[in-house]
Amino acid sequence: MSAFADTEWIAMTEKDESSEKLSDSDLALASGLDNLFINHERTGRPIWRGGGFMEMFFPNGCAMEQRIFMIGIWEDYFSLFKDSMTHFLKNDANRLSPITDHHFPEHFREILPSIGEDEWFDGRLVGYVNAIRTGEPTPYAIEGAGAWSNYRDKLSSISAYFHSSWYMSNTDLLIATLLKWCARIKPRHGLSGLGMVRDFGSPPYSQRDSKMFPFLKRFPGLDYTDTAQFNLIAGNSTSIRGVNWLTIIDDGFVEKLGGKEKLANALSQDTEIVVHDYAGGLIIQVGKYPFIGDVNAGRTRSHYNTVAQALKPIRFEDYTDMGYFRVPDPLDEVDETLKWVHRFD
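Residue 164 in our numbering is what sits at position 164 of the sequence shown, and the numbering runs on without skipping anything.
A hint or two may mislead.
[As the list claims (entries may be wrong)] Quick list of in silico lysine-lysine cross-link-like pairs, DSSO-like style, CA-CA up to 27 Å: (1) Lys312 to Lys262; (2) Lys260 to Lys180; (3) Lys339 to Lys186; (4) Lys82 to Lys180; (5) Lys217 to Lys312; (6) Lys154 to Lys260; (7) Lys82 to Lys186; (8) Lys90 to Lys217; (9) Lys217 to Lys339; (10) Lys154 to Lys180; (11) Lys217 to Lys256; (12) Lys312 to Lys339; (13) Lys186 to Lys312; (14) Lys211 to Lys82; (15) Lys186 to Lys90; (16) Lys82 to Lys154; (17) Lys186 to Lys262; (18) Lys256 to Lys339; (19) Lys256 to Lys186; (20) Lys180 to Lys256; (21) Lys262 to Lys180; (22) Lys339 to Lys211; (23) Lys154 to Lys256; (24) Lys217 to Lys260.
Rather than coming from a laboratory, the hints here were simulated on the basis of the structure.
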């Protein structure tokens, strides 16, 4: 069940797209997402919540330099939300440890020289209320995985969550931070926006997804990040997952689209789109704030459609045996995944 009423959603998705300030409706949207929970039908505990998200898929995750950059990104995130961070997951561990000054980030820097390119390297930071681990989704979390050399052809990844009220109130800082991270780790592609988030420790691609699915169907701007599931399905595919408020593509994808000039011409028809350059790629921003939309209220078209059309040639659609998420019976997860992927077409 959700803590959200339909009428609240309709009110909160009415936005003044031309405003350069965070409007009352923007604040209502952020507050509403912060209080959006989907609870487990048996325990009544939250298994999903609304929030901001970021994901990046980057190459050469087995390289020492890339792993050092990943630690730096974790440290940047920790600096932003230091007062809220409570636990971290050590490399190759299955239990969280409390964060103390002498444990993070020194643990990762100390062990990194002993981890070869043929070994997996990963880590996670989370923030729980009152420093009590509950297993419930938290808006303060970041994790990353640098694949071993046997998986060199597959992309490694970093994912992060944000309190939606912080996300909506700090858009300039967020974009500047993402540009800094992109310039460091050189992702092939990535996304950031508002969506549904789960506890990083909960099982991915589970029947729990079906509880979230109605929200994805109704609100086209809501996204869902699962880097492990996308990597599993896409493998070494040279395609992006989709588009959202912020869409990251590297120079290789830009060239596949015909180069910067051709892409700029395709996007220039929409004055709400801003392109941020970094050394190695672009971040495409759609509007001052994220779009949520509402199918029930007929708000399905947005400036996201312009970006979706421009990037359609590089979008991954080869969902054949498995969907990106689970759906309620008797729906078909592959069919529903493809419908969702096409939602901005």
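Evaluation of the provided hints:
1. Of the supplied pair hints, the one linking lysine 312 and lysine 262 holds, its CA atoms being roughly 14 Å apart against a limit of 27 Å.
2. About 21 Å separates the Cα atoms of lysine 260 and lysine 180, which keeps this hinted pair within 27 Å; it holds.
3. About 30 Å separates the Cα atoms of lysine 339 and lysine 186, which puts this hinted pair outside 27 Å; it is violated.
4. A distance of roughly 19 Å separates the Cα atoms of lysine 82 and lysine 180; the hinted pair therefore holds under the 27 Å criterion.
5. This hinted pair checks out: lysine 217 and lysine 312 have alpha carbons roughly 20 Å apart, not beyond 27 Å.
6. With a CA separation close to 26 Å, the supplied pair lysine 154 and lysine 260 stays within the 27 Å bound.
7. With a C-alpha separation of about 25 Å, the suggested pairing of lysine 82 with lysine 186 holds against the 27 Å cut-off.
8. For a cut-off of 27 Å, the pair hint linking lysine 90 to lysine 217 is broken: about 36 Å separates their Cα positions.
9. For the given pair, lysine 217 sits about 9 Å from lysine 339 by alpha-carbon distance, which is consistent with the 27 Å threshold.
10. Annotation: proposed proximity of lysine 154 to lysine 180 holds, straight-line Cα distance about 23 Å (limit 27 Å).
11. Of the pairs offered as hints, the one joining lysine 217 and lysine 256 is violated, with about 30 Å between alpha carbons and a cut-off of 27 Å exceeded.
12. Between lysine 312 and lysine 339 the alpha-carbon distance is near 14 Å, which keeps this suggested pair within the 27 Å criterion.
13. Using a Cα cut-off of 27 Å, the hinted pair lysine 186 and lysine 312 holds, with the two alpha carbons roughly 22 Å apart.
14. Proximity of lysine 211 to lysine 82 is assessed by CA-CA distance (about 32 Å); at most 27 Å being required, the pair is judged violated.
15. Only pairs whose Cα atoms come within 27 Å are accepted, and lysine 186 paired with lysine 90 is accepted, the gap being roughly 24 Å.
16. This hinted pair does not check out: lysine 82 and lysine 154 have alpha carbons roughly 32 Å apart, beyond 27 Å.
17. Restraint check for lysine 186 and lysine 262: the C-alpha separation of about 22 Å stays at or below 27 Å, so the hint holds.
18. Restraint check for lysine 256 and lysine 339: the C-alpha separation of about 24 Å stays at or below 27 Å, so the hint holds.
19. Our distance criterion of 27 Å between C-alpha atoms is met by lysine 256 and lysine 186, whose separation comes to about 17 Å.
20. Between lysine 180 and lysine 256, the direct Cα distance comes to roughly 24 Å. Compliance with the 27 Å bound is thereby established for this hinted pair.
21. Simply put, lysine 262 and lysine 180 have alpha-carbon atoms about 25 Å apart, close enough for the 27 Å limit, and the pair holds.
22. A hinted pair counts as satisfied when its Cα atoms are at most 27 Å apart, and lysine 339 with lysine 211 qualifies at roughly 18 Å.
23. Using a Cα cut-off of 27 Å, the hinted pair lysine 154 and lysine 256 holds, with the two alpha carbons roughly 19 Å apart.
24. Straight-line distance between C-alpha atoms of lysine 217 and lysine 260 comes to about 33 Å, which puts the hinted pair past the 27 Å bound.
In summary, the numbered hints that this structure violates are 3, 8, 11, 14, 16 and 24.
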